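Chain by chain, the residues:
Number of protein chains: 2
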Amino acid sequence: MLHWLQQYRRAMLPGDISAGIVVAMMMIPQGMAYALVAGLPPVVGIYASIVPPVLYALFGTSSTQSVGPMAIISLMTASTLAPLAAPGSALYGVLAAQLALLSGAVLLACGLLRIGFLANFFSRPVMSGFTIGSALLIAWGQLRPLLGSSEPGWPDAPHGPSAALGLGALLALLWARRYLAGTLRRLGLAPVAADIGAKLAPMLVVLGGVALVAGLGLEARGVATTGAVPAGLPGLNLATSSSHWQALLQPALLIGFMVFLISMSGAQALALKRAEKLSSNRELVALGAANLGSALSGGFPVTGSMSRSAVNFAAGANSQLASIVTAALLGLALVVPSGWLALMPLPVLAATIIIAVLGMLDLSTLHTAWRYDRADAAALLATAAGVLVLGVEAGVVVGLALSMGALIWRASRPHIAVLGRIPGSEHFRNVERYTTETAPGLLMLRIDAGLFFGNVEAVNARIEDELAAQPETRHLVLVLSAVNAIDTSALFGLGELNASLRQRGVLLHLAEVKGPVMDRLRDSTLLAALNGRVFLSAAMAWDQLAREAR
Amino acid sequence: MLHWLQQYRRAMLPGDISAGIVVAMMMIPQGMAYALVAGLPPVVGIYASIVPPVLYALFGTSSTQSVGPMAIISLMTASTLAPLAAPGSALYGVLAAQLALLSGAVLLACGLLRIGFLANFFSRPVMSGFTIGSALLIAWGQLRPLLGSSEPGWPDAPHGPSAALGLGALLALLWARRYLAGTLRRLGLAPVAADIGAKLAPMLVVLGGVALVAGLGLEARGVATTGAVPAGLPGLNLATSSSHWQALLQPALLIGFMVFLISMSGAQALALKRAEKLSSNRELVALGAANLGSALSGGFPVTGSMSRSAVNFAAGANSQLASIVTAALLGLALVVPSGWLALMPLPVLAATIIIAVLGMLDLSTLHTAWRYDRADAAALLATAAGVLVLGVEAGVVVGLALSMGALIWRASRPHIAVLGRIPGSEHFRNVERYTTETAPGLLMLRIDAGLFFGNVEAVNARIEDELAAQPETRHLVLVLSAVNAIDTSALFGLGELNASLRQRGVLLHLAEVKGPVMDRLRDSTLLAALNGRVFLSAAMAWDQLAREAR
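First to last, the sequence lines map onto chains H and A. Going by the UniProt record's numbering, 88 is the number at position 88 of the first sequence; the sequence numbering is gapless. Going by the UniProt record's numbering, 26 is the number at position 26 of the second sequence; the sequence numbering is gapless.
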C-alpha cells in the first residue's frame, strides 16, 4: 500500500500535476455522460470520480490507471436497474449505490481469496466482441438524446434545435478526432502535446454547447440540459431497507467480474509499456475498495478506463498522485460556483458518448483473428451478437461460455504421435514425419498435452483407435515427455485404461514421466496396479520390449 | 442407425431377452419411485420407460445403456417445476412433458451441431460432488414419505403403520444390499446370477409391501399407496398454450446438459469394458430423441442410468434389443390388469429410493482425490455443498465454475524452464535440474504449455521476472518445443512482448517452433514484426547468439 508514495521523487511532480489536470478536463464531460448512460443524474458521474480514484491510488498497483465511470459498466448498471426502478427516481439512485456496494464487496472478497487468475477467463477475441457489442448498444441508446426525441425506440420525432446541437457536436467531434492533433501540431505544439490537446475536444465542445445554450437561450426552446447541480459533496445514499438486495446479487457478480476484466486489460497494456508489474490480487482489492467508496459517496459502479488511463499515461503521469490531483479538481468543481455545469446540453453529451464508444469499435482484433484463427473470429462475432441480441449481461455469459468452450474443444483434441525409432539411434519420432522403424507387437504413443478431465476421453479414444489399427499389439508404451500434469480425472482414466487393457492381454507401460508428475503418481494407486512397467526413457522401453513383443 | 441390428446374430438373443426381463423387474419400482421424486404420479415413471429406451435403441451407440427415469434428473425436474405448479396437478404433468420436450430439443440441437465435446466440461471430482450432493438431497426429501408424515420439512409426526412399513423395507433392503448376493450364492446360484438376483431385491420388497397392504388392509389404516393406475398407454399431454415455456428454457439447458453428462459417464465406463466405441454426437441425438419421445408419451426428462445399465450389462445384454424387451414388458404391465400396481405403498417406494441413492454416495473418488490432489478434493466438496445449500441447479453452475476455474488456474501457472547447455553437447536442459552452462546476455526459456488466453499474462509476467533477474540480457530466446498451439490472444501477447522488448533493446527470438504452429505463424504479423530471428533448434540459437551477446 502506497508503495509509490515511499519512492516518490520531486521530479515526478510536474508530470503528475499536468496529467491530473488533463484527465480532470476529460473526466468532467465523460463522468457526466456515463452517468447518463447508467440512467443517473449527470452529477452522479462527478461523485463517482472523486473517492474511487483516491481509494484506487491507495491500494492499486498500476501507476497510471484512471478509475471512475466507464461506458460498458454504466450500460450494465442501466440494464440491471431498469427493471427495478424508474431512471431518475430516488430509488434508482439508491439501487445504483447498492449495486456498487455489492460489486465492490465481490471484488474485495475475490482479492482476499487471492483468485486474481479470474482475469484469464476471457480470451482477447471474446473481450473484443463484448466491447464491440456493448459499444453499439450504447451508441444506439444515445440516438434519442442526441436528436432530442422524447419517443422511446427509434427517434422518429427529432426536436429541431436539440438535433442541430447534437449533430453539430457530433460533426465537430468527428473532425477533432481526425484532424485536431494534426492542426495543433502545425500550430507548433509538440506531437505529444498535440495528441493530448486533441483528447480535450469533448470538453471544448461541451463548453461550446454551454455557451450556445446560455447565449441563445436554448433551454427555453426545449433543449434538455443537465439541470441544477446540487453544490457540495453528496450525502450517504445507501438505504439498507430495500428488498432488492437479492435481485442485485447476480448482476453484481457479473459487474464485478467485468469491472476486473476491463480494468486489468487496460492496466496490463500500459504496464507492459513501462515494464511495470501488476498484482491481479491487489488490483481486485483496489477495485473493490474503489467501488465501495463509490457506493458510500453517492456514486455507482466504476472501473479503470482504458481511454482515460492512456491519456493519463501520455500526459506524463508518473504515479497515482495524478489521479489524486484529478479527484481534487473534480471535488473543487462541485464546491466552487457550478452554475455552468447545469447548462450542459444533453444532445452534446450524447454526441461525446457516441464518439467515445466509436473509439471502442476496434476492428483490428477481428481482422487479426479472422486471418489467424477463424474459430476465434467466430467467437468474437458470436459474443458481439450475444450482447446485441440478448443484452449485455447475457453477453458476459455467452462470452464466458465461448471462451471456455473453445478451451475445452481444443483440449479435447490433444496431439498424440505414434513413435518409431530413427534407425541406428536412440531417438524416437512421429512415424508420420520421420523415417522410422517400429517393432511388431509394440505400440509407442507420445501424448503432447497435460492429461486432465477435458482430454481424458479423447486420449482413451485415440488409444483405442491405434490399438484397433494394430490389433497384434502386446505392449503399449505411453511416452509422457510432454505431460506436465495429470489431474484426478486423468488418473482415473488411466486406471480404467489399465484395467481394460489387462482384460485384453495388453500391457500398459509408461516412459519418460516428468519429475513432478512422477512425484504425484508415486503415492497413487495407478502405479501399484499398473500392468506393465515404468521406463526412464523411450529407448529403454524399446530395448526391453521390442524383443519381448516379438 | 440400427447398426447393431444389421450385425445381429441369433446367439445374442438369449442374453438380450434375459437382461430385458431383469431390467424390467428393476425398472418398475425404480421408474415409479423416480416419478415420485420428480413430484409426478408414479405411473408417469412407467410411461417414461417405454418410448425413450426404444428411441435410444434406434439412435444410440452404447449396446447396454438403459435409458429412462433417473434420480438426479428427477430431482432437477422437481426443483424446476415446484415454483410453477402444484405437484400432482394437471399443469404440473404438462410442464414436466414440456421440460422433457425442451431438454430433448436442446440435446438434439447440440448433437446436430456436433458439439459432443461438451461431455468434457465436468471433472470427475466435480461430477462426484454433484452426485453426492444430489443423493443426499433426494434421500432427505424421501424421509417424509418413508415415515408417512404429512408435515413439510422435518418429519416430526410420523404415521405409525407407514413408518413401520417404510423402516421395515429400509432394513430389508439394507440387508439385501449387504448379504443377499452371498446368500444366493450359498444357495447354489452362480456368482453372476446371484449378483443379478440381489439387484431385484427392490422389486421383491415392493411386492412384499403390496402383499402386506392387500392382506392387512393397510390402505384403510392410512398408508399411502400409488393409487389407481389408468390402464393403457397415456395420451398426448403437451398443451402448447402454456405461458411457462420461457421459464422452462434455462432449466431445460441445465437438465439437457446433465442428462448428457450423466448418461455419458455411465456409458463410457461400460464401453471401456467391451472396448466399444461411443460417439458423443450420436449420443446427444439419441438422448434428445429419447426425451422428445418421453415428452410425446406423457413422460418427463429421462437419461441413461448407470445402475440399471450395469445390471443390463451384467445380465448379459448383447445389444439394444435388451432395452426393447424391457420396454415391451413395461408396456405389457400397463395393458394387462394392473390392479396390483395401485397397491404399492409409498413408504416402501421411498425406502427403495433412499437405498438407490445411498448407492450413489461413492466416497472413493473423494478418497482418491484427497490423497492425490487436494484442489480436486476441495472442488468435489464445494460442489456437493453447492448442491445442498443452493439447490441442484445452482449446483450445476457451481460445478461448472469450479471445473473451469481449476482449469484456468492450472493453465495460469505454466511450467517455464530457464535452459542452459549441457557442456560439450547440443542438449539444453533446465538449469535447476542439470549442471549446465549459460552465456551472459543470452536468456533461453522453454515454455512447457500451449500458449492461449489463460496463460498469456502468466507467461509475460514470468518473462519479466527472468529479465529482471538478469538485467544484462540482450537476447531472449523462447524455446517452443513443447508449445502445440498459439491462439489469437497469445499471438497478441507475443506481439506486445516483442514491442516492449524492442523499446528496451532486447531482441526476441523463437526456436524449435513446431510445424503446425509455424504454419499458422507464417501468415501472422508477429513474424514480420519480430525483433529477432527464428531458429530451427536451441543449439543453433546458442551458436549464433552466445557470441553476439558477449
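Just so you know, these hints were derived from the structure itself, not from any lab. It cannot be assumed that every hint is accurate.
[To be verified] Lysine to aspartate or glutamate pairs mimicking DMTMM-like chemistry, simulated, CA-CA at most 25 Å apart:
id: 1; chain 1: A; residue 1: Lys514; chain 2: A; residue 2: Glu426
id: 2; chain 1: H; residue 1: Lys277; chain 2: A; residue 2: Glu426
id: 3; chain 1: A; residue 1: Lys277; chain 2: H; residue 2: Glu466
id: 4; chain 1: A; residue 1: Lys273; chain 2: A; residue 2: Asp362
id: 5; chain 1: A; residue 1: Lys514; chain 2: H; residue 2: Glu437
id: 6; chain 1: H; residue 1: Lys277; chain 2: H; residue 2: Glu219
id: 7; chain 1: H; residue 1: Lys273; chain 2: A; residue 2: Glu426
id: 8; chain 1: A; residue 1: Lys273; chain 2: H; residue 2: Asp465
id: 9; chain 1: A; residue 1: Lys277; chain 2: H; residue 2: Glu496
id: 10; chain 1: H; residue 1: Lys514; chain 2: H; residue 2: Glu472
id: 11; chain 1: H; residue 1: Lys514; chain 2: H; residue 2: Asp543
id: 12; chain 1: H; residue 1: Lys514; chain 2: A; residue 2: Glu426
id: 13; chain 1: H; residue 1: Lys273; chain 2: A; residue 2: Asp362
id: 14; chain 1: A; residue 1: Lys514; chain 2: A; residue 2: Asp543
id: 15; chain 1: A; residue 1: Lys514; chain 2: H; residue 2: Glu472
id: 16; chain 1: H; residue 1: Lys514; chain 2: A; residue 2: Glu466
id: 17; chain 1: A; residue 1: Lys277; chain 2: H; residue 2: Glu464
id: 18; chain 1: A; residue 1: Lys273; chain 2: H; residue 2: Glu472
id: 19; chain 1: H; residue 1: Lys277; chain 2: A; residue 2: Asp448
id: 20; chain 1: A; residue 1: Lys273; chain 2: H; residue 2: Glu496
id: 21; chain 1: H; residue 1: Lys514; chain 2: H; residue 2: Glu393
id: 22; chain 1: A; residue 1: Lys273; chain 2: H; residue 2: Glu466
id: 23; chain 1: H; residue 1: Lys514; chain 2: A; residue 2: Glu472
id: 24; chain 1: A; residue 1: Lys514; chain 2: A; residue 2: Glu496
id: 25; chain 1: A; residue 1: Lys277; chain 2: H; residue 2: Glu426
id: 26; chain 1: H; residue 1: Lys277; chain 2: A; residue 2: Asp465
id: 27; chain 1: A; residue 1: Lys514; chain 2: H; residue 2: Glu426
id: 28; chain 1: A; residue 1: Lys273; chain 2: H; residue 2: Glu426
id: 29; chain 1: H; residue 1: Lys514; chain 2: A; residue 2: Glu496
Note that the coordinates shown come from a computational prediction; the quantities given were computed from them, not determined experimentally.
Which numbered conditions among the earlier hints are violated in the structure presented, ordered from lowest to highest? 2, 6, 7, 10, 13, 15, 21, 23, 25, 28 and 29
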